[in-house]
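Dock chain W against the given chain D, drawing on the hints supplied.
Protein chains: 2
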Amino acid sequence: MSDSFLPVKRKKGLSVRMASLAGGGRMNYSTRVAEELSRARAKEGDMVQVRSKGGERTGVLMPHHEFSDPDVLVLKLKSGYNLGVRLEEGASVKVVSKGEKKERHPRHQRSSEGARKIAVIGTGGTIASYVDYRTGAVHPALSAEDLMATVPEISDLCQIDAKVLFSIFSENMRVEHWQRIAEATADRLSSGDEGCIVPHGTDTMGYTSAALSFMLDELPRSVVLVGAQRSSDRPSSDAYGNLLAATRFCLEADAAEVFVLMHAGISDTSASVHRGTRVRKMHTSRRDAFQSINSSPVAKVDFEKGIEILSSIKPKSSSKVNLRTAMEVKVSLIQFYPGMSTRSFGSLAKDDRGIVIAGTGLGHVSADLIKEIRKAIAGGTTVVMCSQCLHGRVNLNVYDTGRDLLAAGVIPGEDMLPETAYIKLMWALANTSSEKELRSTMITDLRGELSQRREIDD
Amino acid sequence: MSDSFLPVKRKKGLSVRMASLAGGGRMNYSTRVAEELSRARAKEGDMVQVRSKGGERTGVLMPHHEFSDPDVLVLKLKSGYNLGVRLEEGASVKVVSKGEKKERHPRHQRSSEGARKIAVIGTGGTIASYVDYRTGAVHPALSAEDLMATVPEISDLCQIDAKVLFSIFSENMRVEHWQRIAEATADRLSSGDEGCIVPHGTDTMGYTSAALSFMLDELPRSVVLVGAQRSSDRPSSDAYGNLLAATRFCLEADAAEVFVLMHAGISDTSASVHRGTRVRKMHTSRRDAFQSINSSPVAKVDFEKGIEILSSIKPKSSSKVNLRTAMEVKVSLIQFYPGMSTRSFGSLAKDDRGIVIAGTGLGHVSADLIKEIRKAIAGGTTVVMCSQCLHGRVNLNVYDTGRDLLAAGVIPGEDMLPETAYIKLMWALANTSSEKELRSTMITDLRGELSQRREIDD
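Chains D and W, in that order, are what the protein sequence lines are.
Residue 341 in the working numbering sits at position 336 of the first sequence, with consecutive numbering throughout.
Residue 260 in the working numbering sits at position 255 of the second sequence, with consecutive numbering throughout.
Chain D with its partners taken away, still in its complex shape:
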C-alpha cells in the first residue's frame, strides 16, 4: 500500500465463528468442509456441484483466502460471477469435471499484447476488505491487485494497472483526498487507459463522485467509482459483480463521465450506473442502497445480458483532462428545521464563504432565518437553497417565503442534491473570478447535476 492517512480500520465480523482449522493442506476451511472436499477429491479449479440448503449450484471451485469464512466455498458460475456457498452440516460436494491447473501468475501476460488497459485506483472501504473470521476484524486488501485477483476473468478482458492510492474508510475523506484521486485518474487517462475504476467506501462515495465530476473537466473516458456493502469474502458480497461490471462498462460503453456503479437490486443479477452528480446513498445496508435522484441511472449492466444505456451520456473522445482541483473549504451544508437556532447560522456565516441550505418543501426557511440570510449575503457569503425533500425542484417563485429569499440574493439550487450543491459551491467559489460568474456557474448545468426548469403542470 503506497501510504495511509489513518490507521488501518477494523470491522467486526457479523457472523464470527471460531473455526477449527483443517489438519491437512487446505487453508483454514473448517474441519467439516475440509473433510467433505477431501472425500469428494475436489481441488481448486475443478468444476463442482454443491448441494446445500440453498439448493444445487455448479461452478468452478475458487481459491480460499486466508481470511475467508471457513464454512464457505466460493464458486465461479458460468456467468463469470462468483458465488459464496455456505456448506452447512449435511451439504455435499461432487466433482463434475477436473479443472486444468490455471496458471495464476503472471496474469497480465495472458492478455494479448495490444490489450486495452484499465486503471484501478484503490482508496479503501468495504470493497477492499477481508473479514478475518478468527478475530472478527476487517483488513483492507493488501493491494488493489489482490482485489482484482478475486475476479480473474477481468484479466481476460483487458490489462489491469492497479494501485492503492491510500486506504481509508470514506467517512474520513477530505478535500485533499478528492484532489489526489482526481490527479491519479487524470494521469492514467492521459496515459491512454481506457477507463479508471476507483474502489471506494460507500459512506461518502456520492460526495467523492460529485467532487471528481467537477474537478475532471474535458474527461476523455470514464471514471467509475465502485463499492461494496458486503466485504469481498462474504458469501453475499457485491464486490465481484460490481468490479466486473465496472470493467465491462469502461470497455464497452461509449461514455466519458464520472459514475458510481453499484448493485441495482438486492439479488446479484445487475448493477446500475449512476451519474456522479445525481447519486445518493439511500439505505444504510442494502446492496442497492445507491439511487439516482431526480434522474434515472444512465445505464444498467445486466450480469448475463450486458450493458443497456438508459440516457444520453457524453461520449469518449481524445481530449486531454483539464484538471481543476481547487476547492474553497469554507463552505457549509445545513438542513433547516423548525426550532433551528438562527444564532448558530449567524456564526457559520461569519466564517464561511458559502452555505448550502436544505430548506423545507420548495426551498423554504423560517422568517427569522431569512433575516440572518440577508445579513450573511450582505456580508459576502454565497447562499444556495436546495430542498431536504431531495426529490423534486426548489421553486422560490411560488410563496412569499421564496420570493423573500430570492430578494435577499439566495441562489436557487434547482433540482440539485444538497450534497452535490455543497461540492459544486466549494468548486465554484475556487474556480470563478466574479460574483456574476459564480451565480451563473451555480445555476448552469455543467456535469448533469441539474436540469433545465420546465413548466410545472397542474
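Please keep in mind that the hints were generated in silico from the structure rather than gathered at the bench.
Note that the Cβ used here is the ideal one computed from N, Cα and C, for glycine as well.
Among the hints, a few may not be true.
[Stated by the list, open to error] Part of the chain D face toward chain W, derived, beta carbon under 10 Å:
1) D161
2) N177
3) T207
4) D357
5) R358
6) L367
7) P423
[Claimed, not checked] Pulled a few chain D residues facing chain W out of the computed Cβ check, cut under 8 Å:
8) F171
9) R179
10) S290
11) R291
12) A294
13) L338
14) Q340
15) S346
16) G366
17) R398
18) V399
Quick look at chain W alone, frame taken from chain D:
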C-alpha cells in the same frame, strides 16, 4: 380567524390569467364559461356532463368561489369527490338532470341529533388557501368552516366543530405552535370528539406530527394531520380528497394515534395514512410527496372502496389524554459531510443540551469529529446518531468508527428518522429526570418511531 402569528402569506398563482368577468349573475367565471353555462341552462346543483380535452365527465355542478379559476368548473363525482374541469375553447356542457335546490344553511342541523363530532383545528398552509386569480395571491381560507364547506358531504357523515387556531405557513412553526395544537386537540378529544383533523402546511408537517405524537400520551382517538400540495380551488387540488378521507378514517378506523394523511399517488384515487413519527416529505411538489420511511403506511383510504388497514394500530379507548408538552429547545439537528468544520460543531455543543447527527452510512462521522463529540458528551451534551441515508438502521457495532462513537457515549438512533430523533430528543430532555432514564427513553419505542433490532442477515 382567532389569531395570527405572522402576516397573511401570499402565494403567486402558477397559471394566473386575467379573466373578463361574465356580465351576468354568475360570479367571476370567464365570459366563455359563463356563456356556455347559460347556453346549457346549467345551474349549481344540476347533474351535468362536460366534454373537454380531458374527456367526458359527469357530476353535480358545484358552487364557484370568489377566488376560483374563472375557466374551471368543479364537479362532484358519484364517488363524492370533487373534480376541477378546465373548460377550454370548444368544450361543452350538457345538463343531465336538474338538481334539487340544496339547502346549504344551516348545514349542521342536517346531521342527526346524536351524530358523532369531528374537530377540525386549522393551522394554515396550502390546504386552507385560495388563489385569487385576479391578483395571483393566495389567501388563507377565511375560516376552517369555509374549508370544510368545500366538502359538504362531510356534514352527512358527522358534525364538524371547526376552528382556526392560527394560520401560518408551516416553515414558521415553532415549539409553541406544536404545544398549542397539542392542547387544542387534547381539549377536543377530552370533550368526546371522535377525532381531530389538523389542516397543516406540508413543509414541516412531519416535524409537527412527530411532536404531537410524543406530546399526546394515552391518546383515546386519532389526530390526523392533512395537507395539500395544490391549493383547494385548483382543478388538481388534493385538498378535498384528503379532508374527506381523514374524516372517514377518524370515524371508521379503530385507531388512536397521530397520523399524517396525504395522497397515495399522483392520481386522485386514494390516500395513505402514515404514522406521525415515520413520515417524511420526500418530494417538493408531487401530491404523493409524503412517504413512510422504515415502515409501511398504517392504512390506505381508497376513495371508492374505503379503508384498508395495513399494520397494527393502537385502538380507540376511553383514556384521558396525558398532555406532556414540555420541550427542551436547546437541541440541534446536523448532517455530517466530508469537509465539515469541527469548530462549528464545537460551538453548537457549547450551547446545546442535545445534538442529533445524521451520519453517513451505518452512522459514521470522521475521526476528527469523534474527538469533538467526545468532548461534547463529557460536557453534558446528549448526542444521538442517525443516518442521512434515511432508509435502514444505524449500527455502531460493525466498524471501528461506530465503536468509537459508542465508547464516547453516543446514543444510537436505531431506525428513527433524523427529524423524529430531533423531536424526540427535545421531548425526552424535558420529560426525563436522569441521564439513565433519558438514554433508555431514546432507545425505547414509544410511538412507533423505532423498531426492535433484528439479526442482520447476510
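Checklist entry - Hint numbers the structure violates, sorted upward? => result 1, 5, 8
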